[in-house]
Every structure is written in C-alpha cells, then in structure tokens.
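Below are the chains, spelled out letter by letter.
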Amino acid sequence: MARDSAASAPGSGARAGRPVGHRSAGSRLFGQVLEGGLLHGGVQGSPVLRLFMRWVRRPLLPVMRLWRRNIQLKVVATTLLMSLGVVLLLGFVVIGQVRNGLLDAKVKASQSQATGGFTAAKQKAEEAASTNGDDGTPADGRPSQNVIQWMSELVKSLSSGGQSAFDVVTLPMGGESGSGRGPRASGTVDWAVSVPEDLRERIDGDTAAAQSYTRIVYTSDQASQPGLVIGKQVNDPNGEPYQLYYLFPLTQEEKSLSLVRGTLATAGLFVVVLLGAIAWLVVRQVVTPVRMAASIAERLSAGRLQERMKVTGEDDIARLGEAFNKMAQNLQLKISQLEDLSRMQRRFVSDVSHELRTPLTTVRMAADVIHDARVDFDPVTARSAELLADQLDRFETLLADLLEISRFDAGAAALEAEPIDLREVVRRVVSGAEPLAERKGTEIRVTGDQQPVVAEADARRVERVLRNLVVNAVEHGEGRDVVVKLAAAGGAVAVAVRDYGVGLKPGEATRVFSRFWRADPARARTTGGTGLGLSIALEDARLHGGWLQAWGEPGGGSQFRLTLPRTADEPLRGSPIPLEPTDSRRNRGLNDAGLADPAVAHGTDKPVGVPAQMSAGQAAAVSARGPITPRQATVTPTADPTALPGNGARVVPRPVSGARRQDGGPAPEAANRPDAGPEDSSRQGEASRGR
Amino acid sequence: MKGRVLVVDDDTALAEMLGIVLRGEGFEPSFVADGDKALAAFRETKPDLVLLDLMLPGRDGIEVCRLIRAESGVPIVMLTAKSDTVDVVVGLESGADDYIVKPFKPKELVARIRARLRRSEEPAPEQLAIGDLVIDVAGHSVKRDGQSIALTPLEFDLLVALARKPWQVFTREVLLEQVWGYRHAADTRLVNVHVQRLRSKVEKDPEKPEIVVTVRGVGYKAGPS
Chain R
1 MARDSAASAP
11 GSGARAGRPV
21 GHRSAGSRLF
31 GQVLEGGLLH
41 GGVQGSPVLR
51 LFMRWVRRPL
61 LPVMRLWRRN
71 IQLKVVATTL
81 LMSLGVVLLL
91 GFVVIGQVRN
101 GLLDAKVKAS
111 QSQATGGFTA
121 AKQKAEEAAS
131 TNGDDGTPAD
141 GRPSQNVIQW
151 MSELVKSLSS
161 GGQSAFDVVT
171 LPMGGESGSG
181 RGPRASGTVD
191 WAVSVPEDLR
201 ERIDGDTAAA
211 QSYTRIVYTS
221 DQASQPGLVI
231 GKQVNDPNGE
241 PYQLYYLFPL
251 TQEEKSLSLV
261 RGTLATAGLF
271 VVVLLGAIAW
281 LVVRQVVTPV
291 RMAASIAERL
301 SAGRLQERMK
311 VTGEDDIARL
321 GEAFNKMAQN
331 LQLKISQLED
341 LSRMQRRFVS
351 DVSHELRTPL
361 TTVRMAADVI
371 HDARVDFDPV
381 TARSAELLAD
391 QLDRFETLLA
401 DLLEISRFDA
411 GAAALEAEPI
421 DLREVVRRVV
431 SGAEPLAERK
441 GTEIRVTGDQ
451 QPVVAEADAR
461 RVERVLRNLV
471 VNAVEHGEGR
481 DVVVKLAAAG
491 GAVAVAVRDY
501 GVGLKPGEAT
511 RVFSRFWRAD
521 PARARTTGGT
531 GLGLSIALED
541 ARLHGGWLQA
551 WGEPGGGSQF
561 RLTLPRTADE
571 PLRGSPIPLE
581 PTDSRRNRGL
591 NDAGLADPAV
601 AHGTDKPVGV
611 PAQMSAGQAA
621 AVSARGPITP
631 RQATVTPTAD
641 PTALPGNGAR
651 VVPRPVSGAR
661 RQDGGPAPEA
671 ANRPDAGPED
681 SSRQGEASRG
691 R
Chain W
692 MKGRVLVVDD
702 DTALAEMLGI
712 VLRGEGFEPS
722 FVADGDKALA
732 AFRETKPDLV
742 LLDLMLPGRD
752 GIEVCRLIRA
762 ESGVPIVMLT
772 AKSDTVDVVV
782 GLESGADDYI
792 VKPFKPKELV
802 ARIRARLRRS
812 EEPAPEQLAI
822 GDLVIDVAGH
832 SVKRDGQSIA
842 LTPLEFDLLV
852 ALARKPWQVF
862 TREVLLEQVW
872 GYRHAADTRL
882 VNVHVQRLRS
892 KVEKDPEKPE
902 IVVTVRGVGY
912 KAGPS
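These protein sequence lines map, in sequence, to chains R and W. Counting along the first sequence from 1, when you hit position 139 you're at 139 in my numbering, and nothing is skipped either side. Numbers in my numbering are just positions in the second sequence, counted from 1, shifted up by 691.
In case anyone wonders, no lab produced these hints; they're calculated from the structure. Glycine is no exception: its CB is placed at the ideal position from the N, C-alpha and C atoms. Just to be clear, a hint being listed does not mean it is correct.
As the list claims (entries may be wrong) - Once the Cα atoms are required to be at most 30 Å apart in a straight line, the calculated DSS-like pairs of lysine-lysine come out as:
1) R/Lys156 / R/Lys122
2) W/Lys856 / W/Lys899
3) W/Lys796 / W/Lys856
4) R/Lys440 / W/Lys899
5) R/Lys124 / R/Lys156
6) W/Lys737 / R/Lys440
What the hints assert, rightly or not - Below, a sample of chain W positions facing chain R; criterion: calculated Cβ distance under 7 Å:
7) Leu705
8) Gly710
9) Arg714
10) Val906
11) Gly910
12) Lys912
Unchecked claim - Taking beta-carbon pairs under 7 Å as the criterion, some of the chain W residues facing chain R (in silico):
13) Met708
14) Asp725
15) Lys793
16) Lys796
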C-alpha cells in the first residue's frame, strides 16, 4: 500500500505540466475563426489557395502559439483593441458635436449677415429705381449701362462691409448671359466652381434663400477654403431678378475643428497606450503568482518537495499561495512518512535477512554434517537427520521466497536489464527441470527457438520465472508433455509454457498468482513449493513492465504466458502468443461428445453462468474416469489484449458455446465442488487481481 | 593440497561450524572475529584463501576486503546474508573474487573454495597475445610494452580464458563455469563486475574497451589480436 502511493506520486505529478489555457468565449470564437480559417487551412478552395494559406500560416504559427499560451498577452491585446474601439467611438461623437456647435454659430451669423445683405440689395434696387424713374427701363427691355454699373457697385459695396469676412457673387437668373448682366464676384472668387450647380438651380426655382456648403476657389493663387454659400433671388432696379450669393469662408472653424481632432487623437492614443500598460501591470500581478505556482508545482512533481511559494499580503493570490504551500507541506509530510515507512520496512527486511540467515547457516551446516554421518546412527536418529535436512531445505526456500516478496513489497527490487537471448534462458531452465521431468515421465519440448528471441531483461529474474513455470507445468502435467513456446513480434517477446494436466478450474486463472494459494490443498506436493513462486514470478514480470498470465481449462491443461517488452520501459501492447493455446478444446471446435449444437441456451452475451460451469465440472468428473480426456468446450478465460502492463492475470470470461452435455442431468460434480457456486462465477468476472 | 583458510566472521557459532566443515575437508582454518584485527591476522597467517563475512564489528567486510586486496591477490570469498544487487556488487567491486549467500550448504562452500584454490596447480608454459598484451600463463604475468600489469589471480584467469580463444564469444554462463567453476546457480553479476575490474586494469580507455569486448546480448570476447 505504501509502495503504491509512493509510486503514483511522480506519475500524477507529471500531469501538472499541461499548459494552463482558459479561454473566454470571445477569444475562443476568435480563435476558432482564426484557426479554422487561417491556421488549419479550412478553405474549401483550390489547391493553390490552400497552398497560399499554408504559406501565410507558417510564419503565424509561433505567434499563435504565444497567443494560446500567454494569458498576459491575451489580456493586454484584448484591452488594447477594446479601448481603441471605445476611444474611436468617443472621438467621433465628440468631434461631431464640436463641429455641429461651431457650424451652428457660424451658420446663424452668416444667415443674419446674408439676410441683411439681401435687404440692403433690395433697398438699393428700390432706391435706384425711384431715383431713375422711367429712365432706367428702356422699352426694349435691354439692361442699360446703368444697371450693369449699379450691379458692380452693389457687389463692391456689399462685400466691402465684411472686410473680406465674406465674398459676394451675383449671377443672372437661369444661367443666361446674353442679357449683359454677367456674373460678378467680389475679390477673386471663381464663382463658377464656388457656387454649386444644384444651389443655383434651387435659387432659380424659388424666391426663398437657400444655403449650401462648398469650397471657395479663387482665380488668384489664394488657396481654396471650405465655405458656406447663401443665395437668394433679388430684383435689380429694373425689377429683373438676379441671384445674389454670400460666400462665408469656414477656415477658422476648420482650424478649430482640426485642433480639437488633434487633441482628441493624442489624448486617445495616450489613453489606449496607458490602458494597455495598466492591463499589463494588473495582469502581471495576477499572472506572476500563477506562473510561480505552475513552475513550483512542476518542481514539486520533479521531486523537489521543499519548494514553496513566496506569500506576501492577504489577498486572494496570497491565499492561493498559502493553500498551495499547505498542500506542498502535507504532500512532503506524507511522502516523507511513506518513505520512512518504506525505509524501515526495507531495513527490517535486511535485518531479518541477516539475523535469520546467520544462525540458519550454522544450523544448516550442522544438519548437513549430521546428515552425512547418518550411516553411523541408529535408524531412528538417521531418519531424524534426514527429516531435519529436508525440512531445512524447505525452510530455506520459504525464507528466501518470503524475503524476496517483502523486497518487492518494499519497492526495493531493482531491475538489471540487459539484452538477453531468451532461448539461452529457456535452455538452462529446461535442462534444470530435466531430472524432475524424467521422474514424472514428462517430455519437455521447446518450439519457436529457431531465431534468437532477444529482449532487454534481467536474466536472473526471467530465469526464476521460467523455472517456476516449467517446474509447475511438469509437476501438474500428470506425465504428459510440456511444451515451451517462444515467440517475438512487434515490441514484445513471449514465452508460453503449456501443459496437458489437470488444468485450471474457472476463476483459478487469476487466483493462481495469490500468495500461498494452492490448487488443491489435499493434493500431494512432490517438489515442496512454497506457495509463493507464482506471486514472485508475477512481481518479476511486473518489474519488467511485462505480463504474466494464466489460462486453463479443467482437465484440458493450462498455459502460462510471460510477455516482456523487447526494450525496457516500452509499454506492452500485445503478446506474440495468444493466451489461449490453439489446441484448446474451444479452438479446435470440439465440444463434448462432438455435438455440433452451438449454445442453444448459452450463446448469449451474459457472463459465465452457473449452468455452464456445472457442465464443465461435470465433464471434468466424467473425463477423470477415462485415460483420454474427452474434449469439450468450456469456460475459457482469455487474455484481454488491452490488459495493462504488469497486470499479471487479466482475465475476461467469454460466453460459453455449446458446453452443455446433451444427456447432462444435475451435475454430480457440483456437489463435490462447493466452491463452484455462484460466488465462484462472479469472481471469475473480475478483470484483474484486486491488489 | 595446501589449504590455509582465514575465516573472518563475528558469529562464533558459525565460525566454529565453518571450522568443523573445513577441517573435515582437509583445510587448515584460522579465525578472526573483528574487522580491525582481520588485516593483522591475514599478514600473520598468510592464508591461501579468505572467507569474509560482510557484516563485521569494527571495520566492515567491504573495507577489510579492500585492504587485503591492496596488498595481496589472495582469493577472497564473501559470505553475505544479503543477495541484493547493491550489496553483492559493492562487495565484488571492493575486490572479492566470489560470494556465497547465507544460508549455504557446506558442499557448496567447499566447492567454491576448491574452485578458487584449484588454480594454484601448475599450468603448462604458454604464451598468449591479445591486443598489445603479452600473457605468460605459467609465469602469471601480463605485460604491455614490457610493462607488467598487476592482476589478481581471478582476473588473470578471466583474461586467459578469453585470450585462449580470441575468436570465440563467451557467454557469461560459460565464463562462470570456466573461471569460477560453477555449473549451476549462475549469477552473471560476478562476470560483469570482474570484467569491469579487469578492463580498468588492462584497457587503455576502459570506456572504449579493445581487449575485452562486449558482444551485445551474448557475452564477451577477446579483442582483435
């Protein structure tokens, strides 16, 4: 337990390295638009367009990465954009209002000036008419020299009143020029351009005054300027209408307006820049502690547990820092507690090892000396000496296994991986098991050893695992052959040890790896195993990042498969050898009594049912009588290819097909096997060992 | 066969038992129980082999091993209660030729002792060359350019075993059998550590060995001669 927690600490810490990206909805949308359109080439256009997009995208990628990863940049940029928008909007409104205010005043003044002018012109015309009497109106209607003269004087007198604050233009009605009353303009105003066409038309058709904005252009080299033009139909002394225009330059107003505009622009720019700077500073206040927390969390996860955040003040950031530090403190405390515990345990194991082994060595040597001298003893003492020596052997193995297991539990087991050829190991193991096999009448066959099967592994441990498997197979093989199969594929190598002995009952494939578990407590043991062999083997496999899995069918033998990654630290994805051997009953399509009756009742997806087990047990009972086992399909735990590395015995039950005997009554075996009840079937469903 | 064995062990019962077994096998054991006195006893008795417990009062076994190795090439067999890799490797690196894990059988111990002492039987005169080394098997000397290189007997045996068949790749198991005299219960760490120690003495650059070359996944071979 202590080991599990300690081991998981660095693993979970590694997840802290994920970039912290919280996007607001707005920026997400922006990002989607940008990434979808620009960055991911989401253009459904021609290849040329796509190529162009890619070309455009490439230099943008680092910027985008910075954008995604830097919250400070995001906030500052957003603030800049938004404040720029606000300032622009504000500027337009303010400038519009100022302009309106300025122009309103000017227009009013101009209008009163013009009205005065129009009245003066009218009076002057009436005065001239009354003084000239009939003299001024020739019968033919032609404008006399007087009128022309009068008009020039009128323009001069009207414009002189303004001291070049305005200009005066007179135009004949309807644009006619034949009457001799040609256009006149004060100053050097170019009347043709300065008085807009549409205003002239309006004046032509209406007696009311009208006005328009225009640009006053001069014939001299004086620069043109914006202006207001107000015009009206006025009668000359002859009663003939003509157009009189007042042109008021707006230069002053424009100057004021541009001054206001400039001021606003400067102020807006300052506001935007300052807002950006403020945002930068404010975000920095928040981001700096967050970044510090992130970097310290990374250092914590890297094992530097003494790292702490600097906490100043009492604000939220400080609270974050305090909580963070408290967490780190507790973490450190817990880890150091666990480390102490683990160290103590290891120390204890080491001490026990030494303290127990030294006297045991003496006892062992003494026993051996006595054993060697037993021929001189009386039969009772001689037999006692033999028993003493034998049981000391057993004690010794048990002690060694116990120490090995506690070493695994303490996490003190170290892997010494180097490239080894598994064929060599298998050869040594097989030759070592040969004497036992001969006694049992078993032949050990090795297949798949044509090519080298090389993997980075700890030869000592792999040999221990395989020795265990082979010895077990021989021991439980009932004198039938044992096949050791080697294979390598992909990133994995595997050794499978297959026997044709009593096999495993449903659910036992997981339990064989339990400590001190025995298939049948009543069964006589010939080699005196400790009951820890497979547990140690499983731990050895886990240490390699490999799998050790078991498969078996009652009466059909079993197969133990060791799968190791070809290079250390490489995760396993599959095994070159299927866990269920090809010569299993189910794979050979055999069911009991050769019935081609595929699962009338059991071909469903429901997990292993009790009837199926009973039939399997029943078959085992029947087969036990005959020398040759009648083959039949049965519940076969099978390896899950997605099993986690090191997860020793991952077993998934398969739906049963055609397992029921036709003539099967109530199973006689069920009574003999009290453990084959529903509880057993539920246990088989366990995907892995709960440890 | 001469067989003076110095037993360095603080456990009196075990030491006495070792004495009984060793005498029974025709060796002449002498005992010392303290790490501090071990070196003096070694100089006094001039044993043919040292049986050394790693955990001792006073100086610990590793230190004693290092001191003895500094002045003699006498075979040292460690007795250790710890079969953990680190302990064993530290012991071997400090100069022990072999180790035996408690509890052991008397026969196993005797076999190891005999294997370590066997090499004192006179070999036939033989000259070997490997790389730029010249090995005089009978004279127990290794020379490079006339300069003698000091090797312990075990390292010498290892080098000779490799040099005799420079074309052959030796697996660690084969080396264990040939040099250490094991037939089973092989621990290849022994070979690894001693090859490292041999390399540190005979190679010009132990990082890039030219005399004892590793054959990945198989074992070792003597470099091109």
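Consistency of the hints with the structure:
With a CA separation close to 15 Å, the supplied pair R/Lys156 and R/Lys122 stays within the 30 Å bound. Using a Cα cut-off of 30 Å, the hinted pair W/Lys856 and W/Lys899 holds, with the two alpha carbons roughly 21 Å apart. Using a Cα cut-off of 30 Å, the hinted pair W/Lys796 and W/Lys856 is violated, with the two alpha carbons roughly 34 Å apart. Distance hint between R/Lys440 and W/Lys899 is unfulfilled; the C-alpha atoms sit about 50 Å from each other, more than 30 Å.
For the proposed pair R/Lys124 and R/Lys156, the alpha carbon gap of about 13 Å is at most 30 Å, so the pair holds. Between W/Lys737 and R/Lys440, the direct Cα distance comes to roughly 51 Å. Violation of the 30 Å bound is thereby established for this hinted pair. With a cut of 7 Å, the hint placing W/Leu705 at the interface with chain R holds, because the nearest CB-to-CB distance is about 5 Å. With a cut of 7 Å, the hint placing W/Gly710 at the interface with chain R is violated, because the nearest CB-to-CB distance is about 10 Å.
Interface restraint check: W/Arg714 against chain R, minimum CB-CB distance 11 Å, threshold 7 Å, status violated. With a cut of 7 Å, the hint placing W/Val906 at the interface with chain R is violated, because the nearest CB-to-CB distance is about 10 Å. Evaluation of the W/Gly910 hint against chain R yields a violated restraint, the C-beta minimum of about 10 Å exceeding 7 Å. Interface hint at W/Lys912: violated, since its Cβ lies 15 Å from the closest Cβ of chain R, which is beyond the 7 Å cut-off.
Hint on W/Met708 holds. Least Cβ distance to chain R is approximately 5 Å, under the 7 Å limit. A least Cβ separation of about 16 Å between W/Asp725 and chain R goes past the 7 Å threshold, and the interface hint is therefore violated. A least Cβ separation of about 4 Å between W/Lys793 and chain R falls short of the 7 Å threshold, and the interface hint therefore holds. Because the smallest distance between the Cβ of W/Lys796 and any Cβ of chain R comes to about 6 Å, under 7 Å, the interface hint for this residue holds.
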